[in-house]
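Asks: Single-letter residue listing:
There are 2 protein chains.
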Amino acid sequence: MGEQLQLYSYWRSSAAYRVRIGLGLKGLAYETLPIHLLRDGGEQHGEAFRKANPQGLVPALRHGDRVLSQSLAILEYVDEVWPEQPLLPKSADERGRARSIALAIACDIHPLNNLRVLQYFEHTWEVPQPRREAWVRHWIEQGFAALESMLADDPMTGRFCIGDTPGLADCCLVPQVYNARRFHVDMAPYPTLLRIDEACQALPAFEAARPERQPDAPPA
Amino acid sequence: MGEQLQLYSYWRSSAAYRVRIGLGLKGLAYETLPIHLLRDGGEQHGEAFRKANPQGLVPALRHGDRVLSQSLAILEYVDEVWPEQPLLPKSADERGRARSIALAIACDIHPLNNLRVLQYFEHTWEVPQPRREAWVRHWIEQGFAALESMLADDPMTGRFCIGDTPGLADCCLVPQVYNARRFHVDMAPYPTLLRIDEACQALPAFEAARPERQPDAPPA
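Chain order of the listed sequences is A and B.
Under the UniProt record's numbering, the first residue of the first sequence carries the number 1, and numbering increases by one thereafter.
Under the UniProt record's numbering, the first residue of the second sequence carries the number 1, and numbering increases by one thereafter.
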């Protein structure tokens, strides 16, 4: 399994951002294959990329002759193939909780707010921009309130989402906090999320994965 | 870990339906704790249930003194705690693919169409019902076209999503096909999905998990 990893990515995709963090935490090198989600109507819809990932979504990871889609499937895959620096904790209880937090973001916040949904509102329903932004904030705020309550009260919470080692749940939390800031969500009601985000941002793997640090990011 | 499993469920929730199938495939007995998502403004919003799951969503699994939320986290958890009759295949490649299919449904189709989103459209945006139903069909059709293309062409596909043993991906596919039929999606363009759905429906674990077979389903 020594083939190079190639990641189809877009600098601002928060699902790709999750995978970049995870690969960094595990110390796995990879080549970035940028897919521009806006240019030419979206390169993710082009035939070349659809052949790699019929879903037409980033991220996707090429390893050997196979391409794997879905950020959480990719993170679990690299954690199984390269078990060093695990992204998941050891006990079934902690693993369950890590996945539960990750999925509360990846299923119940992010898909409602991603590009294709906002494009549907704009072009098919002609929803005005302030309403679209209120929609985005609504789901982030509802999701963050639940996460704050889950994380603030649980003995499993440590410096990071699960104990004192960053992992799968943190890979999802940090990009979602980035997105929340982009949409001007007031983060004051979520002190535990803020504290964990800050602890993560201090680590090189999180720093290197930031959208503006990507090769396909526009000049500042 | 001999404590009884209790599943917070709602007969028509397709995320709860996934977990019911998985518990059935593994031969795990459980008690159903019905949470009525419509009665009294939705029992999932009540204080008692919020204490168990701050997200206010079903399903959630009580095992011992902990409650685990998120259907896919629950399925992975029971697969780790009780490894017999595994829901996930053995090789990292196949496991990655199983999760990728499951997440393509659980992240990219279902969250866009669930009750709270349709309620937001109805009550906050006052979107008329035909438009809401067109929205639901749009995401199911887009998601199913991608899944059909992924599954029809891949040597890993067998009688079920991965080979000839039903598992995690099938636990997600069958409830989504049920939902598609509820919203009158034309299934003809997805012959592979139909074939796998039919193979699943012939098995007792899938039959027992059907919405209308649940203790909280209304009389036919």
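Just so you know, these hints were derived from the structure itself, not from any lab.
Since the structure is predicted, the reported quantities are computational estimates derived from the model, not experimental observations.
Be a bit skeptical, because a hint or two may be false.
Said to hold, decoys possible - Residues from chain B shown here face chain A by an in silico Cβ test under 10 Å; the list is partial:
no., residue
1, Ile74
2, His110
3, Gln129
4, Arg131
What the hints assert, rightly or not - Restricting the straight-line Cα-Cα distance to at most 30 Å, the calculated cross-link-like pairs of lysine-lysine (DSSO-like) are:
no., chain 1, residue 1, chain 2, residue 2
5, B, Lys51, A, Lys51
6, B, Lys90, A, Lys90
7, A, Lys51, B, Lys26
8, B, Lys26, B, Lys90
9, A, Lys90, A, Lys51
10, A, Lys26, A, Lys90
11, A, Lys90, B, Lys51
12, B, Lys51, A, Lys26
13, B, Lys26, B, Lys51
Glycine included, C-beta positions come from ideal geometry on N, C-alpha and C.
Asks: Compare the structure with each hint and give your call.
Replies: Going through the hints against the structure:
Interface restraint check: B/Ile74 against chain A, minimum CB-CB distance 8 Å, threshold 10 Å, status holds. Contact between B/His110 and chain A, as hinted, is supported at the beta carbon level, the nearest pair being about 8 Å apart and thus within 10 Å. For B/Gln129, the suggested interface contact is broken, since its CB lies about 14 Å from the closest CB of chain A, more than 10 Å. A hinted interface residue such as B/Arg131 counts as satisfied when its beta carbon comes closer than 10 Å to some beta carbon of chain A; here the least separation is about 7 Å, so the hint holds.
Note on B/Lys51 and A/Lys51: the hinted pairing is violated, with a Cα-Cα distance of about 45 Å set against a maximum of 30 Å. The straight-line distance between the Cα atoms of B/Lys90 and A/Lys90 is roughly 19 Å, inside the 30 Å bound, and the hint therefore holds. This hinted pair does not check out: A/Lys51 and B/Lys26 have alpha carbons roughly 35 Å apart, beyond 30 Å. Proximity of B/Lys26 to B/Lys90 is assessed by CA-CA distance (about 16 Å); at most 30 Å being required, the pair is judged to hold.
Distance check on the hinted pair: A/Lys90 and A/Lys51 sit about 36 Å apart at the alpha-carbon level, beyond 30 Å; violated. Of the supplied pair hints, the one linking A/Lys26 and A/Lys90 holds, its CA atoms being roughly 16 Å apart against a limit of 30 Å. Under the criterion of a C-alpha separation no larger than 30 Å, the hint pairing A/Lys90 with B/Lys51 is consistent with the structure, at around 26 Å. This hinted pair does not check out: B/Lys51 and A/Lys26 have alpha carbons roughly 35 Å apart, beyond 30 Å.
A threshold of 30 Å between alpha carbons decides the hint, and for B/Lys26 with B/Lys51 the separation of about 28 Å falls inside it, so the pair holds.
Going through the hint list in order, the structure does not satisfy hints 3, 5, 7, 9 and 12.
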